[in-house]
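For the sequence shown, position 28 matches number 28 in UniProt numbering, and the numbering has no gaps at all.
If you are wondering where the hints come from, they were derived from the structure by calculation, not from laboratory data.
Careful: at least some of the hints might be erroneous.
[Unchecked claim] Ranges between beta-carbon positions, derived for each pair: (1) 71 with 25: 36 to 46 Å; (2) 75 with 36: 19 to 29 Å; (3) 46 with 67: 30 to 40 Å; (4) 70 with 38: 27 to 37 Å.
Every value quoted in this text rests on a predicted model; they were computed, and no experiment measured them.
All C-beta atoms, glycine included, are put in the ideal place defined by N, C-alpha and C.
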Amino acid sequence: MATSDPTPETAATEHPAVLDIDVVGDRALASVEKGDVSILVEAPAGISAAELEQTLRGVPESIERTTERFAETPAMSDDTTKSDESTEGEDATDDDLGGGV
Numbered sequence: 001m002a003t004s005d006p007t008p009e010t011a012a013t014e015h016p017a018v019l020d021i022d023v024v025g026d027r028a029l030a031s032v033e034k035g036d037v038s039i040l041v042e043a044p045a046g047i048s049a050a051e052l053e054q055t056l057r058g059v060p061e062s063i064e065r066t067t068e069r070f071a072e073t074p075a076m077s078d079d080t081t082k083s084d085e086s087t088e089g090e091d092a093t094d095d096d097l098g099g100g101v
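When you get a sec, could you build the whole thing from the sequences and use the hints?
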């Protein structure tokens, strides 16, 4: 009797990747969606799968590095409308702002 491997616990929660390719004029538009992630690639319509694969090699690692950099960057204040009580802008003349003749 043949036995099968047990289904992993994550199998039910993973979303399948959805691939959609359109050719518009001389350009190919390929989009891939998996869960909350969407990627759109535009390339010449005649590009081969091997060329496209070579071009995109390293993209996951690049996304990972960029994500790490943003995670290390301090977040901006939520209150971007806070006034510093400065009157510098109020004291400017039309000539200072480029509106004078």
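Structure-based check of all given hints:
1. 71 with 25: 36 to 46 Å: Given about 39 Å between the Cβ atoms, the range holds.
2. 75 with 36: 19 to 29 Å: holds (20 Å)
3. 46 with 67: 30 to 40 Å: holds (33 Å)
4. 70 with 38: 27 to 37 Å: violated (18 Å)
Checked against the numbered hints above, the structure violates only hint 4.
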